[in-house]
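Student: The lines below spell out each chain.
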Amino acid sequence: MTGTRKIHVLIVDDDPLTRLMASEALRESGYTSVEAEDGLRALALFDSERPDLVLLDVMMPRLGGFDVCQHLRARPEGQLVPIIMLTGLDDGESVERAFQVGATDFISKPINWTLLRFRIRYVLRSAQVMQELVRNKESLSSAQRIARLGSWEWFVTEDRVQRSAQYYRLFGQQPESFGERMEAVLDHVYKPDRPMVQAALKGAAKGLGYQLTYRVVWPDGSVRTVLETAEPAEGGVDLLLEGSVQDITEQVDTQRRIRQLAYFDPLTGLPNREFFRESLLSAVARCLRNDSRCAVMVLDIDRFARINDSLGPERGDQVLQVIGHRLRESMGDRTPAEPAGGGGLPRLKVARLAADEFGVLVSDVGPVDEVIEVAYRLLDVVRAPIRVPGQEITLAARVGVAMMPEHATEADALLKAAETALNRAKRSTGEQVALFSEEMKVAAFLRFTLEGDLRRAIGEEELQVVYQPIVDLNGPRIAKVEALVRWAHLARGTVPPPEFISLAEETGMIVPLTRAVIEQVCSDIVHMGDALPPDFRVSVNLSGVNFMDPQLIPTIRAVLGAAQVPPSRIEFELTETVLMRDLDYATTTLAQLREMDIRVAVDDFGTGYSSLAYLRRLAVNTLKIDRSFIGELHDSQGLAIVEAVIGLARSLGMDVVAEGVETPAQLEVLRERGCHLIQGYLFARPMSRQALLQLLAGGAAVLPQRAALRPD
Amino acid sequence: MENNKKMLDTASSPLAPQLAACGQPEVVLDLAVLMSLPGVSQRRDAPVLKRLLGIFVVETSRSVGLLQAALEHGDREQVGRLAHRMKSSALAIGALHLGTEARRLDSSLKAGSPLDPADGGIIAAAWRDARQALLDEGLLGADELRSIEASIGS
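Which chain is which? The protein sequence lines are F and L, in order.
Per our numbering, the first sequence starts with residue 1, numbered consecutively.
Per our numbering, the second sequence starts with residue 1, numbered consecutively.
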């Protein structure tokens, strides 16, 4: 019945005169028509022509008008089509019958054609309204189906409920099996949610609306989440409530996934740092309210990077999963990772804060001793051997502890305090558990200010490069020097190198710092010029951060190029841990350095887990025996290690340098074992460029402990 | 009279009310009705008018013959059906007298009255009048009428 298509009318009458007149009348009104002379023909034409309206005579041979009307109404497409019956003028019986069989209207014969035209317009208009109504109802129903929205009406007084078809579908039920009364819904509600729904219905029976999220159980046992809204209907004498139910399972799942991603560590399934912080916030608020205490512990696994390096990151991940699980078990943290129905944050106990750092929150704690005891229990948990395919590994950890209200009364400060305590524990050799103290707070503050100071000091006079000679006993002569950086802090005096180097590594400042050192070294080499022996090298330390810096090689080229210092004057020292972290990368980078004629020494050799096979693969020229082994030379085991390293270096065709040589006895042992490159206070402390120049000018004669330098 | 009123209300003939009020017999052919039929629009030369009248003549002359035969045979049902049909078409076309007679017959049969063989003559006479009126008005030519009637073998 659109504006573009003409209204098409089916005329059904056995009288050709009436048909002709009717079709003329319709043509005059701008309609098209098709004629049927009997009932059977009418049905056939209806199906093929799909008319917008039917003019239907009552008295016809074969199939009468009433039967035709009934047949049309029985067709889906005939339910709404307007049917006007042509009845006898004085035939009240026919009019009544026409109404019963579903005719839309009637007009009596002889037909008043003017009246018929008007009647057709009226009938078409109401048919259109009717069809729109039906379409709206259909689109509403399909919208409800798409939105998985079911609706109900509850006539409270009679406890009669009208539920939409979609409503039943939301429960996976058929209308027959659902139950009649309002309370019937409870049978389909997930048991733990029943009291909540029941209470809501109780209120609703008194006319109180509600909005409720609850879970329903389908006949197949699956559980879905729905959102129900109910409110009393306006007007009316008896209480009527209207409600809608929507399936929000997907939304809830999505929210849960988002939460999972935002708040949980995908590797261990533990809450992440953000979740830990938020839990801490509410825990702190609770403590303040209840005047109770809580503690935060931060646990860090010792040298975890080494696990990744030696066993591969996959095994490392497995180890972290095991540790996470154990910590949770140990703390009795059995709350599910996420409560099924959403809701608030569970009372978290263990979280993963960073790569190998776990946070533990202990609420309502007793005295400090108790907390420390818990910390040691956690250490035991970490220490228990972990079986990975092929071997069993044993880990150690450090714990930093901070308590509220003693150390902080605010969540972030409390966590920071625990981390400060952890850093202390990590820096000390023996202490595995450190309790935060005021002194640490001061130190932490100093460290913070130090960071700013260091940033400023890089490239300035405050940072000085000094040189410690490495003496070749076969000369004797100074074979090379190790460049070391010293910080003469304007206000604090000398800052110990381990302190500011680790600070620089943590903050990334090590990159500009190292560049500044290389620049200074180059400048000094240029200054010393011909005073340097031909094969003399200056050794510069590179940290792991430097080594992994993609700009490392370009930077070296640029700095050496700018200062016009030949690369053959330079040696870099790297710890074996750094080299072993990513062997492919190390192999490539060392090959590039070798190509430039820069030598590489492995620093602190023996403390890491070098694989001999890899050591051979890498373009390494020198092994430096760690000072800790030199200090144990008097011990047979210490001696054995040093002998092994010397033997290894010799077999791989590498030089070997002994660091930290302080006594003639140590020197003697080393010399006897064939180690002739010696670094240590025995010969020289780190010195300025000027002092080095003097020493070089004076030759071996200037070296102290001359007696020790007797040639063999 | 009651029936007449009803008919006049819907037949919308300008003459009919006065005639009915005077108690005079209905006009044989109400031209106002005929000329107001759909597609005619007061035009005597409207092609639809020719077709309408052609159909009317064919249908009516056949019905009149059948009705007389049915009366002779005492076929009450057939008489009723034919009278009903004739009533409709005659009134629709404006042949008021024929229509009224057909309706009277239809109604009396519905009311249970016995068949009256005299009705055959009354209906036939009314049809003759109507037929003559069409000729008189020049709406149908004599030859035209004869050829139509010949085609149906009446």
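Incorrect hints may have been included.
To be verified - So, partial list: chain L residues that the calculated Cβ filter (under 10 Å) puts toward chain F: (1) V28; (2) L31; (3) A32; (4) V33; (5) I55; (6) F56; (7) K87; (8) A90; (9) L91; (10) A92; (11) G99; (12) S108; (13) S147; (14) S151.
Stated by the list, open to error - Sample of chain L residues lacking proximity to chain F, with all beta carbon distances greater than 10 Å (derived): (15) M35; (16) L37; (17) P38; (18) G39; (19) V48; (20) R51; (21) L52; (22) E59; (23) S61; (24) D119; (25) A124; (26) A125; (27) I148.
Hint data in this document are derived by calculation from the structure and do not stem from the laboratory.
From the three backbone atoms N, C-alpha and C, an ideal C-beta is built for every residue, glycine too.
Student: Tell me, which hint numbers fail for this structure?
Tutor: Going through the list in order, the structure violates hints 1, 2, 3, 12, 13, 14, 16, 17, 18, 19, 20, 21 and 22 and respects the others.
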